[in-house]
Amino acid sequence: MKNGFAVFFAVVVVLGGSWLGFVVAPALQLGKAKQATILNSTDTWPQQRTGEATLGLQIYRANGCAACHTEQIRQDGVAAEVTLTGLGNSKPDDLKAFVHSLFVLPELAKLTNDLATTLKDWKGDLPTTILTTGDKAVADAFADRLKAAGAKSETRVVATGADLPRWGVRRSVAADYLYDFPVQLGGLRVGPDLANVGARLPDANWQLLHLYAPKLSVTNSAMPSFKFLFDVRKMGSAPASDALNLPPAFAPAAGYEVVPKLEAKELVAYLLSLRADAPLYEAPFSPVTSAKP
Amino acid sequence: MSEEPSSCPAPTNAEPTATRSTAPMWIVVTTLALLFLGFVFFDKHSGWFDAKIYAPYSSAEQLEAFQPKSGAAAAAAQGKKVYEAVCGICHGVDGMGKPGQAPPLSGSEWVLAKGINRLAHIPLAGVSGTLMVEGKEWNLNMAAMGAALPDADLAAVLTYMRNAWGNKAGEVTADDIKKIRSEMKGGQPMSGEQMMKMPE
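Those sequence lines, one after another, are chains R and L.
Numbered according to the working numbering, the first sequence spans residues 552 to 844.
Numbered according to the working numbering, the second sequence spans residues 428 to 627.
Mixed in with the good hints, there may be bad ones.
Said to hold, decoys possible - Computed Cβ-Cβ distance ranges for the label pairs, DEER-style: (1) 701/R - 606/L: 15 to 23 Å; (2) 517/L - 568/R: 18 to 26 Å; (3) 512/L - 628/R: 30 to 38 Å; (4) 511/L - 813/R: 37 to 45 Å; (5) 527/L - 637/R: 39 to 47 Å; (6) 580/R - 441/L: 36 to 44 Å; (7) 564/R - 468/L: 18 to 26 Å; (8) 628/R - 511/L: 51 to 59 Å; (9) 606/L - 575/R: 19 to 27 Å.
For the record, the hints were derived by calculation from the structure and aren't laboratory data.
We put the beta carbon where it would ideally sit given N, CA and C, even for glycine.
Just need the whole structure built from these sequences, with the hints factored in.
Written out as structure tokens, the structure is:
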């Protein structure tokens with residue numbers, strides 16, 4: 552073949568280039584990934600799954616859940632929110648006047664409209680979020696000015712995007728998948744994203760009912776019923792402790808009960824282990840803490 | 428009169444062959460320029476191929492700026508961190524204490540007191556002699572474990588104790604600790620009885 556070497560060389564370059572880019576580079580970046588540390592904490596993330604949940608991943612895989620569900624939350628941006636938590640000695644009107652006096656600052660130029668709208672209807676109730684901006688430095692400078700005026704404020708970091716806060720509090724990061732094998736990323740969202748379902752819907756009983764009869768809790772659900780993960784059997788003298796508590800429309804014939812098979816319990820254990828709700832260095836946000844005592 | 432076109436190629440029986448020609452210079456230049464711009468883009472948007480930096484963050488500085496460092500969550504986390512490093516060794520990470528070693532903090536009347544004066548004196552001055560905790564007498568010495576801690580850390584750890592393990596009591600601020608530290612006389616370790624004589 553004429554130019555055989557040139558063709559061979561071109562093929563090696565193209566395949567080798569893709570291999571370097573798609574295999575070697577990610578392996579160098581993340582191949583030795585270890586547990587991450589949760590922000591402002593000594594706890595590590597994620598925790599190894601329980602044996603039951605690890606088996607549940609294989610049930611998830613076998614039933615093709617990833618065909619309709621993704622496990623990846625996307626984030627479009629990030630915002631810093633300044634929340635007013637205390638007024639100090641000043642009255643709400645004093646603070647309003649003070650904030651209005653800051654409108655001449657060049658860094659607040661684009662935010663004056665928002666600030667004015669927020670403050671217009673504000674009657675002094677606390678805590679209240681008064682400023683939201685994509686520039687952390689502006690938020691910090693604004694908080695410093697509030698502090699100088701005697702007011703107390705807290706700057707919170709919030710992840711933003713269409714997936715948030717519907718399905719989670721932050722984007723999915725590489726560390727979330729550390730113990731998944733194989734990773735069930737999914738590519739199509741017929742159903743909701745499940746990356747944070749363990750935190751969104753933490754009730755194991757709800758999950759079992761939803762697997763048995765999806766239309767029970769979500770009337771227009773497109774999810775097929777996974778009845779084959781349950782046994783419908785004759786009831787003994789009393790219902791089994793793990794029998795589903797079904798409403799009449801979905802209940803089996805009288806004298807029968809629905810009990811989850813081992814597979815259903817493992818699948819639910821896996822679903823409840825899916826969480827993406829800890830703040831990490833690569834996906835920071837301020838968690839919501841309960842009100843102070 | 429007809430003329431033969433002079434540029435008409437001479438008929439030939441030879442097979443056509445592919446020949447190699449040099450790539451035009453503009454393609455080489457454009458490719459190099461695109462490569463350069465591509466690397467500049469990656470450098471600008473991924474913190475020089477850092478695994479932790481990708482959209483919506485474009486640089487290490489930006490990601491660093493968005494780390495939440497203040498607020499109630501950060502203070503509580505800092506308190507937990509200091510507690511586990513300094514206090515938890517004897518009092519237990521669950522606040523239950525250790526028999527014969529340290530009294531429990533969970534549900535302790537010293538921790539849950541309305542004022543924090545006596546509570547703050549324990550880590551600041553230390554304890555020597557008997558101390559009643561939840562109706563049980565402890566006769567142990569505690570060094571002034573908190574004397575070397577910064578005001579903010581001590582305040583955070585006391586706030587953590589007062590709100591962890593089912594405890595529910597008010598917040599301690601760095602200013603409170605500063606005040607108590609400045610008013611402290613001598614700072615000798617005290618027994619429970621001596622502390623009871625102090626204002627709450």
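Quick rundown of the hints versus the structure:
1. 701/R - 606/L: 15 to 23 Å: About 19 Å separates the Cβ atoms of residue 701/R and residue 606/L, which means 15 to 23 Å holds.
2. 517/L - 568/R: 18 to 26 Å: Once the Cβ atoms are compared, 60 Å apart, the range 18 to 26 Å for residue 568/R and residue 517/L is violated.
3. 512/L - 628/R: 30 to 38 Å: Given a distance of about 36 Å, which is inside 30 to 38 Å, the answer is holds.
4. 511/L - 813/R: 37 to 45 Å: 38 Å, holds
5. 527/L - 637/R: 39 to 47 Å: Roughly 44 Å apart at Cβ, these two residues keep to the hinted range, so it holds.
6. 580/R - 441/L: 36 to 44 Å: Roughly 55 Å apart at Cβ, these two residues miss the hinted range, so it is violated.
7. 564/R - 468/L: 18 to 26 Å: At roughly 22 Å between Cβ atoms, residue 468/L and residue 564/R fall inside 18 to 26 Å, so the hint holds.
8. 628/R - 511/L: 51 to 59 Å: 35 Å, violated
9. 606/L - 575/R: 19 to 27 Å: The hint (19 to 27 Å, Cβ to Cβ) is violated, given that residue 606/L and residue 575/R are roughly 60 Å apart.
When each numbered hint is compared with the structure, violations occur for hints 2, 6, 8 and 9.
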